[in-house]
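Given the coordinates of chain S, work out where chains U and G should sit on it, guided by the hints.
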Amino acid sequence: MEFDKILYGTAYYYEYLPYDRLDKDIEMMKQANINVVRIGESTWSTYEKQDGQFDFTPLDTVLNAMYEADIDVIVGTPTYAIPTWLAKSYPDVMVQNNGKRVPYGSRQIFDITNPIFLKYAERIIRKMIQHIANHPAVIGYQVDNETKHYGTSSENVQRSFVQYIKQQYNGDLEKFNKDFGLDYWSNRINSWEDFPSMDGTINGSLKTEFERFQRQKVTEYLTWQVALVNQYRTENQFITHNFDFEWRDYSFGVQPDVNHFDAHKALDVVGGDIYHPSRKHLTGAEVSFAGDILRSLKQDNYLVMETQAQAFKQQVPYPGQLRQLAYSHIASGANMVEYWHWHSIHNSAETYWKGILSHDFKENPIYNEVSQTGAELEKLSPKLVNLKHHADVAFLVSNQSLTALEQFPFSDSRNYNDLFRALYDEFYKLNIRTDIQDEQHINLSKYKLIIVPALYSVSDEFLQRLNTYVKSGGHVMYTFKSGFADEHVKVRTTQQPGIINKAAGIHYELFVDPDGCQLIPDNKVIDENSDIAIKDWMELLIPDTAQVIAKYDDPNWKEYAAITQNKYGKGRVIYIGCFPSNDVLKQLITNMVQSLNLLVVKDTFPIIIKQAINNKQQKIDFVFNYSSEKIKTKTKFIGSELFSHSEVNGELILEPWSVQLISIN
Amino acid sequence: MEFDKILYGTAYYYEYLPYDRLDKDIEMMKQANINVVRIGESTWSTYEKQDGQFDFTPLDTVLNAMYEADIDVIVGTPTYAIPTWLAKSYPDVMVQNNGKRVPYGSRQIFDITNPIFLKYAERIIRKMIQHIANHPAVIGYQVDNETKHYGTSSENVQRSFVQYIKQQYNGDLEKFNKDFGLDYWSNRINSWEDFPSMDGTINGSLKTEFERFQRQKVTEYLTWQVALVNQYRTENQFITHNFDFEWRDYSFGVQPDVNHFDAHKALDVVGGDIYHPSRKHLTGAEVSFAGDILRSLKQDNYLVMETQAQAFKQQVPYPGQLRQLAYSHIASGANMVEYWHWHSIHNSAETYWKGILSHDFKENPIYNEVSQTGAELEKLSPKLVNLKHHADVAFLVSNQSLTALEQFPFSDSRNYNDLFRALYDEFYKLNIRTDIQDEQHINLSKYKLIIVPALYSVSDEFLQRLNTYVKSGGHVMYTFKSGFADEHVKVRTTQQPGIINKAAGIHYELFVDPDGCQLIPDNKVIDENSDIAIKDWMELLIPDTAQVIAKYDDPNWKEYAAITQNKYGKGRVIYIGCFPSNDVLKQLITNMVQSLNLLVVKDTFPIIIKQAINNKQQKIDFVFNYSSEKIKTKTKFIGSELFSHSEVNGELILEPWSVQLISIN
Amino acid sequence: MEFDKILYGTAYYYEYLPYDRLDKDIEMMKQANINVVRIGESTWSTYEKQDGQFDFTPLDTVLNAMYEADIDVIVGTPTYAIPTWLAKSYPDVMVQNNGKRVPYGSRQIFDITNPIFLKYAERIIRKMIQHIANHPAVIGYQVDNETKHYGTSSENVQRSFVQYIKQQYNGDLEKFNKDFGLDYWSNRINSWEDFPSMDGTINGSLKTEFERFQRQKVTEYLTWQVALVNQYRTENQFITHNFDFEWRDYSFGVQPDVNHFDAHKALDVVGGDIYHPSRKHLTGAEVSFAGDILRSLKQDNYLVMETQAQAFKQQVPYPGQLRQLAYSHIASGANMVEYWHWHSIHNSAETYWKGILSHDFKENPIYNEVSQTGAELEKLSPKLVNLKHHADVAFLVSNQSLTALEQFPFSDSRNYNDLFRALYDEFYKLNIRTDIQDEQHINLSKYKLIIVPALYSVSDEFLQRLNTYVKSGGHVMYTFKSGFADEHVKVRTTQQPGIINKAAGIHYELFVDPDGCQLIPDNKVIDENSDIAIKDWMELLIPDTAQVIAKYDDPNWKEYAAITQNKYGKGRVIYIGCFPSNDVLKQLITNMVQSLNLLVVKDTFPIIIKQAINNKQQKIDFVFNYSSEKIKTKTKFIGSELFSHSEVNGELILEPWSVQLISIN
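Chains as they are written, first to last, in the working numbering: chain S, 933 to 1597; chain U, 933 to 1597; chain G, 933 to 1597.
Pulled out of the complex, with its shape left as it was, chain S reads as follows:
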């Protein structure tokens, strides 16, 4: 959907304030050109203090004050943390993991499938949305927050999983046992009544299917909330959600517990939170990959529902970074940048996850930089809203393969997302824009190049589609472990890599641990001075029609290939049979994109360039310096810099941690 301005704002928790200072807060927001707040999530116990006693006064107070100040409001349904009285009255609403109910306290530890929880959640959502839907301050809704399945495995979940399998198999137990290999260790299920709890299962196929089912519960839960809100919202209000990503103290990769590619469908606009390393560790790659996922879901602009202001002691930004990051989000397609959160919290778990304001509520360097950015955005908004992007390259990611590889890991210390990021970050650093899609939704023909990290568990049919895509002129870069197992995580009985070996022009019988092995570049694609270390996995490739790019240096296995390329029909496939260094990945990618003419700029990280087209069909170039060094660079772009209004003509001087916006002539 189109927005009429860049939304610049913050989560605001009136309920958490140690004293009432709403007016002062709004005054400081206005001064900072903040034009939107998100309110309402996790406040159920404030609005419904006891079962059935509703009081939305605090909500009204904030809405009225914001409206008067001309600040838009996104209202969150309050369900991601439940009241004490609900947990006390109905202990079963707490999520059960491995046969144990989790004790009340934290957020996001209830059972999203529990009928009592759902009954109470429905009532508070209806009451609350009905109450505020017609308030003129409200521009949209966020249903729940960072919803996941929380590992729910209660008896009712277990039962409904059995129904799900039963339906999928039309009751054909024999086929189910076969597909999932349940004979192994006597795990056969010879009667639906015998279906054991998934708590103890050692069957990776079943566990992966159960997690797929659990992700489906998230989609259903969000869809249900959207349907509820839909009954009350007005026409010009939107509904979004705050998706998040694999968390490693920041947003790291594809979310294992939610299928974003399904779950976004009920929403009007996609939202998500994006956290990242800061200070000398800031590269902007997280803003980019997470933005690419959020944008790709609907092939449209998205909202950054949360990103860090000060956050933790490790993450307080250097001067310049916070401003730079706001433009980085917009450059990736965000129509909103919303900080988490306005004021630092004075009690409980997130006291040290600091907001724009410190605990003293005073102006500070972070607030000042927000204000500077807010003032700029106020001016530039018309040129930056609803930016459109084009990508010739797509990443094919897969919740299913990610989950299956948790069952059958290729490494002690790295997972699917490490591989995804190793590949992604090289594209990012080369300034090549990418879309990110999953195997259920990708439109292969849109792209010139598809990057496929470890597509481990997938149907025959999709692999055949990939072969066809190459045959018709497409290009694919596969890594090790692609094509190995079918959609039930049953290993294929055909030559590996399953099905795609045809297009890749190789096969393999053995795979081993590198244990010190290195690459021998066998071809000019990889420079002989490269970092030839490999890690985690090493397939002993036998080229059928493929050309060898690199071999292994183990004299016992010197006849095997490590990396190959193969022409197939009108297209070409690179197959990477091991986990090489970033250096080698970069060379493989550079080689591929050069041959496809996809390298549009010569600059690379720490200079990051994002190009977009705005509402008025102007080309806007975002040029970032992600380093603490001042950089001078030649540029091919000719245009006008939007902050300074200076003309750009062949040369740019980039201050440390800075950004320039060039409107291309």
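Simulated from the structure, these hints should not be mistaken for lab results.
Just so you know, these numbers come straight off a predicted model, no measurement behind them.
Among the hints, a few may not be true.
Each pair may be met inside one copy or between any two copies, as identical chains are not told apart.
[Stated by the list, open to error] Below, simulated DSS-like cross-link-like pairs (lysine-lysine); rule was C-alpha separation at most 25 Å, straight line:
| hint | residue 1 | residue 2 |
| --- | --- | --- |
| 1 | K1564 | K1139 |
| 2 | K1051 | K937 |
| 3 | K981 | K1098 |
| 4 | K1548 | K1245 |
| 5 | K1110 | K981 |
Positioned in the frame of chain S, the structure of chains U and G alone reads:
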């Protein structure tokens, strides 16, 4: 209370002997000049073999034999381990942690609040003390042993915690919710009945309060035992307890699970156990800090109820160390040094926690050194008993802040006690005597200098008292995180550091992780060749009236101060906004104590000097060499060395791991 | 028992096949000269799909096909994994650990003492064995698989443990309390009803006894299965079991959870699985030590029921290794080498534990090497079957000491088996054959030298037997911690090392942690350029009559010995009071075996030589090169090489990872 001699002894477990050798043991004790034993703890199941069947024969046997041998006896109430029959009949007496009863086996895993436990404990205590109170061998009692709350969180504890809060708040739920910030994540308690179990709480204020409440249970339990024993003991018998310290394979710091500053009140004399590294790792610092705490509780002498003989394989002392350590305890104010324990145990958990005797009960190097020390003490006791000390410096420590900083840690690898010890050890090494008190009991005006590590959670009123203390001429050294939160662990909404910023003459808005930052000394207090590394925490200080001692070397934050000093009224404050190296701490401390004229000797570690005044008002100097090198040192003291009777006049030669006692002329 | 040929085969799981390819599999097996398969284990749910519904069709199919192909079959009872319906109907059959039932899923997590489990297990065993006993393909049975006690500690186990103690003590509680030191921490048991669950015990004596009792349950369970099978099997069918070893991703040492020395008695022939590191980490030591244990049990040949083909990515063998390993097993006394397993599994837990065939069922380098080896064995079998061996050296190992040292560890990072292997591997590398026995079964007089690692918990009587053995001319090498505790893990009250100090001619009072101490060689036994580091443990030995081999370099303990030797009667004892380097162990061992004339070959690792006598009384020498270097070596053997038929006369050229078999003239 005054003692008439130095007690030198050992814990003695007649019950654990593999065969009866009481007479032989006593013969060996006499030969070693051991004059006291502690007996009776953890022997409940021996004296009450079945419910209500009492037999104190073994106790009588030992008491009679000791009396005949003129060895004093301290009798422990036997409650710190419970009989099998009690746990079997009443499973609820076992402590419950996180909803799970701990299975029977170890000591100290019962519920000290359980009425059935208390009923049975009362009966055995009454029966036992009544039985032996008039025995002439008995000089005193130890109630229980190393008591803690063992994390008790049963339903009854939970209920009584709710009552405790209710009372504290006069039932004012609204104020309670506000003070503890319970709106956060919908944790509000809108009716006392809804109060959730503390097992799952994520509210650091509530968790800290619950631990304060748990510590209070320990105080109540000990007070209750003292009251019971009081009903039987004779007038000249004392009651003590064996306190211990944060345990890291030895006594490391302030005990988190007991409030020593409250719990000692019911006792006549303070006792504690002190364990320490040995061999090349021995510094004596643990003997000193633990002694300072025990002595400060009643500002009086204390008893070392337990300290190591051989202990574990890591701790077997070098020749000389055991003797040196005995005098080290006395130099700190101990009137008793009691080893744990007489004979090494032949079965069960502490088989390798060896005693004076090895498992073969034969004389050995440890026993021989005990004998040497015993013979010396026999002679010197009149000069060494009831030693008095004076301290101009006090450490202000805080159970409340320690606990709160477990909820909101400043480091992944260090806690409150690491900071306390980093500071304490530098005073120790500079030979400056210190008292150690908490915020509820300290008499500020007694001291010239107060050292305040991370006083994180404390009332406004106490911080104001600290300001007043400085204004009137006192000196304070604060570290980072002081004054941050109030007594409910609610972060102050005023400028940080809360309230004390006035006397410190600085404030800060931001704090960050050092992540490689170092100090830039900005002033002659810190030498430019110092170890400028910092760790864990870094407040970006803005001097208001303070003088900068050091800044940070990050060019992005070069305008901020790291360490400052400020004159305020007649006094002075040093504020340390980060965790610097020991080297820098030493220089800050040296500078401060020199300016206050508190450096009484020029020697520093490994020469440790402790000065005291004895009963006869003689000045006694203890001079230790805590190293394996022979050291020659000039001294300003003139007097007579008590072991050798040689005159000391300007020079001392100290053998490795040795001690000299100088009676000052 | 004698076999008529070398069995060369594989585990075969018809039930796990993704599609029926029995005929193709058999064709490939025949082509590879595979002559035996093991089938049937872990397939209960396939043969009894619902309670009481038996269908052995798949079993019949395989047996018939194998018979037709002239491939022998060993049938496993199917009990090591249980059907879903059994666990669903009777949740109590699942094993309980620490009060918690383990959820269904994995194999080997049921309660082997549970009467319901036993009732159902008996029925399936009877039905299955009865069904196939007369099938001509069946040559033998494997009862269960890698059976252990799985930590079973249900109420019934607890009760029967109390009965076991009661019986052992004839009801004498007082003596029991004394022997186990239960007075400690009030753990006394004053009435059998009070006996607490072993879940929480902190009494190392009791815990060790409980584990001995648990191991006894394994022996009883296997004996019970053998008795059942015995009722059906024909005369020429044997019964075996698949023992395994302490597992550290491969077979590492003595199995803590099973007493092999008792459990093998009901079997006709011993079987076991042997897994080992591979590639550059392969030394053959695991094949040797595990083979020595299996062979020593009945002083007879044994069967390798499982060893790796491809296994995990870390373990895929280099070319040559798989073949070399087959001969290595035979050289140690194996009459069967059976791979785990035929085809890699397509689903569930062991998908990446790969078999001879990869998932594509095609020929591959591993299969090809199996085929080569199979063809050779087909020819050489008559010369290699039933090989006999002679050992003058025995290792004395002890389940009891191993378990007791888990309760009282001598190290943070190493256990009993690390010490055993440190010693064993030096003998292996010196090409000295050893037997391995336990203290209940060893015939001391058979051996010239007994190696005794840490015989921690053992009866007085056995230690006296060891003294007598030395007195009569035997030689013993003891390590630290030998003789310390009696058979109830009660530390001896006599001088240490208990009883054996007489023959060792030393005693000690103190033991300490090395903490950086090193050895000072004091005698020509150890070279002065040796690796003098020591680890974990250091007894301060006082020589009584012994000669010092090494002292410690700590100046505080310079008078004590570290390693000593002592003549006692006609024999000699080396006592090693610390854990020295492999280098020092090698020198101590070399010195000892040279003096006893036990060094038969001069070659050492990586050349491994195993000598044996075959059925026809021919001497066969196996010469291995366990390295990737080609090696030329002089040899004293004159004979004929069996693969090449070339004459060997004074010189051998050994290819990397190869073996030669010399029939000695």
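For this session: Could you figure out if K1051 and K937 sit no more than 25 Å apart (CA to CA) within one copy, between two copies, both or neither?
Result: For K1051 and K937, neither the intra-copy (38 Å) nor the inter-copy (72 Å) Cα distance is at most 25 Å.
Exercise. Under a CA distance limit of 25 Å, which applies to K1564 and K1139: within one copy, between copies, both, or neither?
Worked result: Result: close neither inside a copy nor across copies, 53 Å intra and 54 Å inter.
Exercise. For the identical chains here, do K1110 and K981 meet the 25 Å Cα criterion within one copy, between copies, both, or neither?
Worked result: For K1110 and K981, the Cα distance is within 25 Å only across copies (14 Å; inside one copy 52 Å).
For this session: With 25 Å as the alpha-carbon cut-off, assign the pair K981 and K1098 to within, between, both or neither.
Result: between (42 Å within a copy, 18 Å between copies)
Problem set entry | Status of K1245 relative to K1548 across identical chains (alpha carbons, at most 25 Å) | Classified as neither: same-chain Cα gap 41 Å, cross-chain 56 Å, threshold 25 Å.
Going through the hint list in order, the structure does not satisfy hints 1, 2 and 4.
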